[in-house]
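Colleague: Listed below, chain by chain, are the residues.
There are 2 protein chains.
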Amino acid sequence: MSKQLTTRQEDYSKWYNELVVKADLAENSGVRGCMVIKPYGYAIWEKMQAELDRMFKETGHSNAYFPLFVPKSMFEAEEKNAEGFAKECAVVTHYRLKNDPDRPGKLMVDPNAKLEEELIVRPTSEAIIWSTYKNWVQSYRDLPLLINQWANVVRWEMRTRLFLRTAEFLWQEGHTAHATRSEAIAESEKMMEVYAEFAENFMAMPVIKGVKTESERFAGAVETYCIEALMQDGKALQAGTSHFLGQNFAEAFDVKFTSAEGKQDYVWGTSWGVSTRLMGALVMTHSDDKGLVLPPNLAPIQVVIVPIHRTEEQLEQIGSEVKNLMAELRKLGVSVKYDDRTTQSPGFKFNEYELKGVPLRVAIGPKDLENGTFEVARRDTFTKESVSKEGIAAYLKGLLDEIQKNLFTKAFDYRESHITEVNNFDEFKDLLETKGGFISAHWDGTPETEEVIKELTKATIRCIPLDAKEESGACVYSGKPSNKRVLFAKAY
Amino acid sequence: MSKQLTTRQEDYSKWYNELVVKADLAENSGVRGCMVIKPYGYAIWEKMQAELDRMFKETGHSNAYFPLFVPKSMFEAEEKNAEGFAKECAVVTHYRLKNDPDRPGKLMVDPNAKLEEELIVRPTSEAIIWSTYKNWVQSYRDLPLLINQWANVVRWEMRTRLFLRTAEFLWQEGHTAHATRSEAIAESEKMMEVYAEFAENFMAMPVIKGVKTESERFAGAVETYCIEALMQDGKALQAGTSHFLGQNFAEAFDVKFTSAEGKQDYVWGTSWGVSTRLMGALVMTHSDDKGLVLPPNLAPIQVVIVPIHRTEEQLEQIGSEVKNLMAELRKLGVSVKYDDRTTQSPGFKFNEYELKGVPLRVAIGPKDLENGTFEVARRDTFTKESVSKEGIAAYLKGLLDEIQKNLFTKAFDYRESHITEVNNFDEFKDLLETKGGFISAHWDGTPETEEVIKELTKATIRCIPLDAKEESGACVYSGKPSNKRVLFAKAY
Numbered sequence: 001m002s003k004q005l006t007t008r009q010e011d012y013s014k015w016y017n018e019l020v021v022k023a024d025l026a027e028n029s030g031v032r033g034c035m036v037i038k039p040y041g042y043a044i045w046e047k048m049q050a051e052l053d054r055m056f057k058e059t060g061h062s063n064a065y066f067p068l069f070v071p072k073s074m075f076e077a078e079e080k081n082a083e084g085f086a087k088e089c090a091v092v093t094h095y096r097l098k099n100d101p102d103r104p105g106k107l108m109v110d111p112n113a114k115l116e117e118e119l120i121v122r123p124t125s126e127a128i129i130w131s132t133y134k135n136w137v138q139s140y141r142d143l144p145l146l147i148n149q150w151a152n153v154v155r156w157e158m159r160t161r162l163f164l165r166t167a168e169f170l171w172q173e174g175h176t177a178h179a180t181r182s183e184a185i186a187e188s189e190k191m192m193e194v195y196a197e198f199a200e201n202f203m204a205m206p207v208i209k210g211v212k213t214e215s216e217r218f219a220g221a222v223e224t225y226c227i228e229a230l231m232q233d234g235k236a237l238q239a240g241t242s243h244f245l246g247q248n249f250a251e252a253f254d255v256k257f258t259s260a261e262g263k264q265d266y267v268w269g270t271s272w273g274v275s276t277r278l279m280g281a282l283v284m285t286h287s288d289d290k291g292l293v294l295p296p297n298l299a300p301i302q303v304v305i306v307p308i309h310r311t312e313e314q315l316e317q318i319g320s321e322v323k324n325l326m327a328e329l330r331k332l333g334v335s336v337k338y339d340d341r342t343t344q345s346p347g348f349k350f351n352e353y354e355l356k357g358v359p360l361r362v363a364i365g366p367k368d369l370e371n372g373t374f375e376v377a378r379r380d381t382f383t384k385e386s387v388s389k390e391g392i393a394a395y396l397k398g399l400l401d402e403i404q405k406n407l408f409t410k411a412f413d414y415r416e417s418h419i420t421e422v423n424n425f426d427e428f429k430d431l432l433e434t435k436g437g438f439i440s441a442h443w444d445g446t447p448e449t450e451e452v453i454k455e456l457t458k459a460t461i462r463c464i465p466l467d468a469k470e471e472s473g474a475c476v477y478s479g480k481p482s483n484k485r486v487l488f489a490k491a492y
Numbered sequence: 493m494s495k496q497l498t499t500r501q502e503d504y505s506k507w508y509n510e511l512v513v514k515a516d517l518a519e520n521s522g523v524r525g526c527m528v529i530k531p532y533g534y535a536i537w538e539k540m541q542a543e544l545d546r547m548f549k550e551t552g553h554s555n556a557y558f559p560l561f562v563p564k565s566m567f568e569a570e571e572k573n574a575e576g577f578a579k580e581c582a583v584v585t586h587y588r589l590k591n592d593p594d595r596p597g598k599l600m601v602d603p604n605a606k607l608e609e610e611l612i613v614r615p616t617s618e619a620i621i622w623s624t625y626k627n628w629v630q631s632y633r634d635l636p637l638l639i640n641q642w643a644n645v646v647r648w649e650m651r652t653r654l655f656l657r658t659a660e661f662l663w664q665e666g667h668t669a670h671a672t673r674s675e676a677i678a679e680s681e682k683m684m685e686v687y688a689e690f691a692e693n694f695m696a697m698p699v700i701k702g703v704k705t706e707s708e709r710f711a712g713a714v715e716t717y718c719i720e721a722l723m724q725d726g727k728a729l730q731a732g733t734s735h736f737l738g739q740n741f742a743e744a745f746d747v748k749f750t751s752a753e754g755k756q757d758y759v760w761g762t763s764w765g766v767s768t769r770l771m772g773a774l775v776m777t778h779s780d781d782k783g784l785v786l787p788p789n790l791a792p793i794q795v796v797i798v799p800i801h802r803t804e805e806q807l808e809q810i811g812s813e814v815k816n817l818m819a820e821l822r823k824l825g826v827s828v829k830y831d832d833r834t835t836q837s838p839g840f841k842f843n844e845y846e847l848k849g850v851p852l853r854v855a856i857g858p859k860d861l862e863n864g865t866f867e868v869a870r871r872d873t874f875t876k877e878s879v880s881k882e883g884i885a886a887y888l889k890g891l892l893d894e895i896q897k898n899l900f901t902k903a904f905d906y907r908e909s910h911i912t913e914v915n916n917f918d919e920f921k922d923l924l925e926t927k928g929g930f931i932s933a934h935w936d937g938t939p940e941t942e943e944v945i946k947e948l949t950k951a952t953i954r955c956i957p958l959d960a961k962e963e964s965g966a967c968v969y970s971g972k973p974s975n976k977r978v979l980f981a982k983a984y
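These protein sequences, in sequence, are chains P and G. Under this note's numbering, residues 1 to 492 are what the first sequence spells out, in order. Under this note's numbering, residues 493 to 984 are what the second sequence spells out, in order.
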């Protein structure tokens, strides 16, 4: 906290990197591309996990755990998936180290401990899970299988950024199996809705629900549903995906069932996931040049109380006032911290909690003691007010709700003002460079046009919004006919 | 559930393996030595996690997450640890697969994607965490660091058994850093107490608290505290360990701090962990020849309700009675399931829940409807009784507490009757083969004697109990003087 943050205006990317480290969310580790998620960052992730887990269970899912390693042959069994992922990944080839005879104190890979078949550290678990489902499913009575896994996965990314793109990351992956096509589609849609609800109600991050184009689709999926968010620099971020897999994985891993009518068929599948990437989205949606701004529903500390005192006696008096307030707040389910460290000044503490995005700061000094008040400061609006101690707990709880709403509204207004309908390609290119955001434009439906636009502008089709209206028009690039607008953007 | 379980008498080991699979706790995967933890097993693990996590947080710890991979050189930095673990482990040597040009549809390791430095899949995280702590600690103000991680780890075990010994397993590992020796010792002792409390109050599994001998100590620890449990076959199981690391890891990774007096010193460390091995301990402590027996405090389903009906009308009447009961039970915090599947008979369901160890089974049929009663069956004692529906929810809740206590008492009595004081080596050998259990005997304190006894009998010193009385005696093997008894046993 020695230096001010780089501002978003100066260098958005640098601002993000600095903020993540200075706010104690995460840092790079001694292992290439892998991050350390620090206690404060992990506490936010735990809150995300708890809410998502509750939502998954309420929609009938159970958690389970599958192996970290995937034998190479399992990837080969599912060619499309291997195409998509298996190439850049961590490969285990040996199972032993030994002392290096030529270099005392050093270790070497034991050449006699080579694995017969290489093991891939899972980049995603479809292969291992579907090869397990084969043994779990015989009859329609065994369906649906509604399973989720919280796990770490590894993809050998060349350019990494904390939370947004790391070699190892944490995520949840749901993998379900169904007797009918329509049930599987309903499941993938339902989980997209769960993600959207979580993003909007907990992260206070508005999202657009849509489906991916074929070229942006998950390898092995028939349809990829997604939620897309917009960051403050005008770039989009894919915040969650839910895939309808058709019978692709069932065919690859021979997962068949006997229907109630005695007919054999392959089962229908879905998979869906969100990851620690959401942490990056959270930071970039709300934070400002002073530091993190956290929505109360995910803040590990919702209210921090800082004493301002000259004498020991004052501190004692303050302490007894604070004790009452904390008890009342906790009764209301508010998480509160009293920072009575004497090694740091109030000013230092104010800066620290501003940087860490604590939604409400309450200060109490000798004058407040006299007047029976507290000073309440909001992180989101920087407004300060003196509040009588009578009924203050309920008042603070109300303020937290207001902050939660305010953050959503602010992000929503920003997003709405950054969706622009564009009808010609020069304007398209120009807008991308100046304002950014989502560009709503007609597209001729071909991967070729999508590819050319991407090469020329770095913008990709983020999604075909589910609520896109039927509207005849001409492709913004090729001029060919189109019947609905899609959303383009540069993206994380 | 087609066949009866092998009985414990017939083949204890086979009974265990069958039970874990048939009760849907876990199964072997297609990956050597790695297990799949199935939803029912994982639900028990989640309950364990939730309680432990709560206890860790109540004692001031925060969760964080560190990388899965440990560069080889980090292991070299801590020689003792490398000696202990790093040899049998999964080694990542490459970061890419490619299509095999000679075998269409097959993949091969890309020889051009060899890592400069091999990465070890963590067998434990001291190395990666202490190399991180180096940057987190400068002053005494940064201490203590009280951090826990929930993670998967990999040790390349040759002979594996579900939960008890698997190549990959799930665990938590606490890693703390302190300014003083005494504070670190107090921390390691505190966490051993937390583990003991969890084992006894939640798993209903009595444990003996003690310290390990030097040869059984964790590599790099100055003292290893442990909790030891006794399984129904008379073999001991180490259920958790807490290590006082002295300054060993701080020295290896150069983690120094400036004290309040301005002096530089290495910090003092601890680490402590329990794993999915506890699932094996849970199964082997309470279960019987009919299947799993779960302590109510960890049972995913505490009460199952099964309807017995001939007609649709009866099922409807039963349903409305059950609805009330379920609402009342849930109000009392009891987890309850109503199994009204019409595809299975009541007898089939009774067997299923017996196998899965649900503590209380409630059945309701036409006679019960007439009499205003339910039939209540306890899993632990197989007792059945007819209970009036008035006040039954509170009664069931009380029964759950009684079952929890009964399971602990039963296990405690078994354990107490299997601690035998032995003063000569023939009796020692004889007892190990006939009765098993813990043998309380004098030991001369030398690793040599410990080793010989192990070779001759396969028994190891499980621990030097913390409450061992001062008592002069002669070593059971060498006859040399000893001042306290230690506990020997064959162990998992």
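No lab work stands behind these hints, which were simulated from the structure alone. Just so you know, not all the hints are guaranteed correct.
[What the hints assert, rightly or not] Computed list of lysine to aspartate or glutamate pairs in EDC-like fashion (alpha-carbon distance at most 20 Å, straight line): (1) G/K815 with P/E58; (2) G/K881 with G/E862; (3) G/K598 with P/E117; (4) P/K114 with G/E609; (5) G/K549 with P/E51; (6) G/K606 with P/E117; (7) G/K598 with P/E88; (8) G/K549 with P/D142; (9) G/K829 with P/D142; (10) G/K829 with P/E58; (11) P/K72 with G/D594; (12) P/K106 with G/E568; (13) P/K22 with G/E568; (14) G/K881 with G/E867; (15) G/K549 with P/D339; (16) G/K598 with P/E76; (17) G/K590 with P/E117; (18) P/K98 with G/E568; (19) P/K134 with G/E609; (20) G/K626 with P/D24; (21) P/K72 with G/E867; (22) P/K337 with G/D634; (23) P/K114 with G/E649; (24) P/K106 with G/E743; (25) P/K410 with P/D142; (26) G/K590 with P/E354; (27) G/K579 with P/D110; (28) G/K514 with P/D142; (29) G/K823 with P/E88; (30) G/K579 with P/E183; (31) G/K841 with P/D142; (32) G/K579 with P/D100; (33) G/K590 with P/E58; (34) P/K114 with G/D602.
Colleague: So, for every hint listed, does it hold in this structure?
Modeller: Hints, one by one, checked against the model:
no.	hint	verdict
1	G/K815 with P/E58	holds, 19 Å
2	G/K881 with G/E862	holds, 11 Å
3	G/K598 with P/E117	holds, 12 Å
4	P/K114 with G/E609	holds, 17 Å
5	G/K549 with P/E51	holds, 19 Å
6	G/K606 with P/E117	holds, 17 Å
7	G/K598 with P/E88	holds, 16 Å
8	G/K549 with P/D142	violated, 39 Å
9	G/K829 with P/D142	holds, 18 Å
10	G/K829 with P/E58	holds, 15 Å
11	P/K72 with G/D594	holds, 16 Å
12	P/K106 with G/E568	holds, 6 Å
13	P/K22 with G/E568	violated, 31 Å
14	G/K881 with G/E867	holds, 10 Å
15	G/K549 with P/D339	holds, 18 Å
16	G/K598 with P/E76	holds, 6 Å
17	G/K590 with P/E117	holds, 15 Å
18	P/K98 with G/E568	holds, 11 Å
19	P/K134 with G/E609	violated, 38 Å
20	G/K626 with P/D24	holds, 16 Å
21	P/K72 with G/E867	violated, 53 Å
22	P/K337 with G/D634	holds, 18 Å
23	P/K114 with G/E649	holds, 15 Å
24	P/K106 with G/E743	holds, 18 Å
25	P/K410 with P/D142	violated, 46 Å
26	G/K590 with P/E354	violated, 48 Å
27	G/K579 with P/D110	holds, 9 Å
28	G/K514 with P/D142	holds, 15 Å
29	G/K823 with P/E88	violated, 51 Å
30	G/K579 with P/E183	violated, 49 Å
31	G/K841 with P/D142	holds, 16 Å
32	G/K579 with P/D100	holds, 12 Å
33	G/K590 with P/E58	violated, 42 Å
34	P/K114 with G/D602	holds, 16 Å
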